[in-house]
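> Start from chain B and add chain E according to the hints.
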Amino acid sequence: MWAADVDLDEPLTFDVVATIVGAKRSLVVQLVQQGLIETIDSETDEPRLPRRTVVRIRRMQRLRRDLGVNFAGAAIILDLVGRIEQLNRELTEAQRQLQ
Amino acid sequence: MVANIKDYYAVLGVQRGASDDEIKKAYRKLARKFHPDLNPGDKTSEEQFKQIQAAYDVLSNAEDRKLYDQYGENWRAVKAGAGAPPPGWEQRAQQSTRGPRAGGVDFGDFDFGRFNTGGQGGFDIFEEMFGGARGRGPRRGRGRDVEAELELSLEEANRGGRRTLQMQAAEICPTCGGTGLVGDKVCETCGGDGQVLRPKTIEVNIPAGMRDGSTIRLAGQGGSGTNGSEPGDLYLHIRLRPHPVFTVKGDDLELELPIAPWEAVLGAGIEVPTIDGKVELKVPAGAKAGQRLRLRGQGLNKRKGGRGDEFVRLKVVVPKDVSTEERSLYEELKRVSRFNPRS
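Taken in sequence, the protein lines are chains B and E. Everything in the first sequence is counted per the numbering used here, starting at 1 for the first residue and increasing by one. Everything in the second sequence is counted per the numbering used here, starting at 1001 for the first residue and increasing by one.
One chain only, chain B, in its complex shape (with noise of 0.2 angstroms):
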């Protein structure tokens, strides 16, 4: 038996988000820059980018790389992606409520 957690939503620079999904940091500037990934503000002059940006980035890379859409595409996709799935968990409970 093994058990083991980390917490992802502590902030990450740009850098290492970078470093982790296989882009350049230019990449990841422009992502922000673009208003496609959120950012912590920070003390320092950076802003900083929660750790679950790591798994949107690469969703984006996946749908881009698989469907040829760009990032802008991609993030409006997964934006209404996760809508869809917070309305249909919210249709589930409504018709469990109902039964």
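Hints listed in this document are in silico derivations from the structure and should not be mistaken for laboratory results. In this text, a Cβ means the ideal position worked out from N, Cα and C, and glycines have one as well. Check each hint, because a few of them may be wrong.
[As the list claims (entries may be wrong)] With the C-beta cut set under 10 angstroms, the calculated list includes, among others, these residues of chain B facing chain E:
no.: 1; residue: V54
no.: 2; residue: N88
no.: 3; residue: R96
[Claimed, not checked] Facing chain E, according to a computed beta carbon distance under 10 angstroms, are these residues of chain B, among others:
no.: 4; residue: P50
no.: 5; residue: L63
no.: 6; residue: I77
no.: 7; residue: V81
no.: 8; residue: T92
Quick look at chain E alone, frame taken from chain B:
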């Protein structure tokens, strides 16, 4: 993960003589429909996409496609330099549209499994490999990372605790050691994939104060690495089940509390639920409908210590049916009261 792959051309819905552009177009069209990032949690789509990806990986590579066209299901063994294909390969390759199995098929960044709680009731989960090996197969280096969704009740997420999860995890095939080949033949245990699915139990320590969308990383609990390299990680995304009583607003909780008109006018001590149990709330005399009362420190645990608040929104409810006595009392109230809500 082992999958039964049909004829690669049939999977993509193209003719054997299809051009590269036609193959890419067919792949893109199917990927838009079945891509796991567009269909989270949909197992059927996941399986479909794996087959589509496997077919495209082969047919989009001129060398692999040529070998596949020539040797059918044995093409990978031939490519690996394992010698001549087994007797009868030609007939099998030509006669069948069943085509090859997933002999070492690269599913890109994806692989999927299923989790079950250890006797604590079911929860839906999807598992998504996303490529510690940078989008290439699991045999090269570090194991794949896995994304999954874990549904928790508000109470579980708030207090944290341990959860036992059961999952189907991909492990290096014990027969072929991950090569996908035994001698000059495709490994029968794993069908050439180099990995097999095995049930695996892990314990997860859920920190107190998790929220919807929080993520936990379980280092080393993703796909197995090869040749002694490290395994991938498991990322658990927390989803909160809607709560029947509370609405979550950041660190705070909100609930609607129905009260009688006389409780609003006279004030009352009313028992209200909190995330930790019931407490008595003092409703002040003259309370208004929609008024919010705060129970300080009765909200959710914060990640770095402390707690949010609980807000109780008052809802004045009038009785549907009144007895004769109640009616006469209301009549009396109407007679003596000088209150005019419209003045």
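> If a hint holds in the structure, say so; if it does not, say that too.
Going through the hints against the structure:
1. At about 9 angstroms, the closest approach between the beta carbon of V54/B and any beta carbon in chain E falls short of 10 angstroms, and the interface hint on this residue holds.
2. Checking N88/B against chain E by beta carbon gives a least distance of about 9 angstroms; that is within 10 angstroms, so the hint holds.
3. Residue-level restraint check for R96/B holds (minimum Cβ-Cβ distance to chain E is 9 angstroms; threshold 10 angstroms).
4. Taking 10 angstroms as the C-beta contact cut-off toward chain E, the hint placing P50/B at the interface holds, the least distance being around 9 angstroms.
5. Interface restraint check: L63/B against chain E, minimum CB-CB distance 6 angstroms, threshold 10 angstroms, status holds.
6. Hint status for I77/B relative to chain E: holds, with the closest Cβ pair at about 7 angstroms, below 10 angstroms.
7. With a least beta-carbon distance of about 6 angstroms to chain E, the hint placing V81/B at the interface is held under the 10 angstroms criterion.
8. Taking 10 angstroms as the C-beta cut-off, the interface hint given for T92/B holds, the closest approach to chain E being about 9 angstroms.
Violation of the numbered hints given earlier is absent; every hint is satisfied by the structure.
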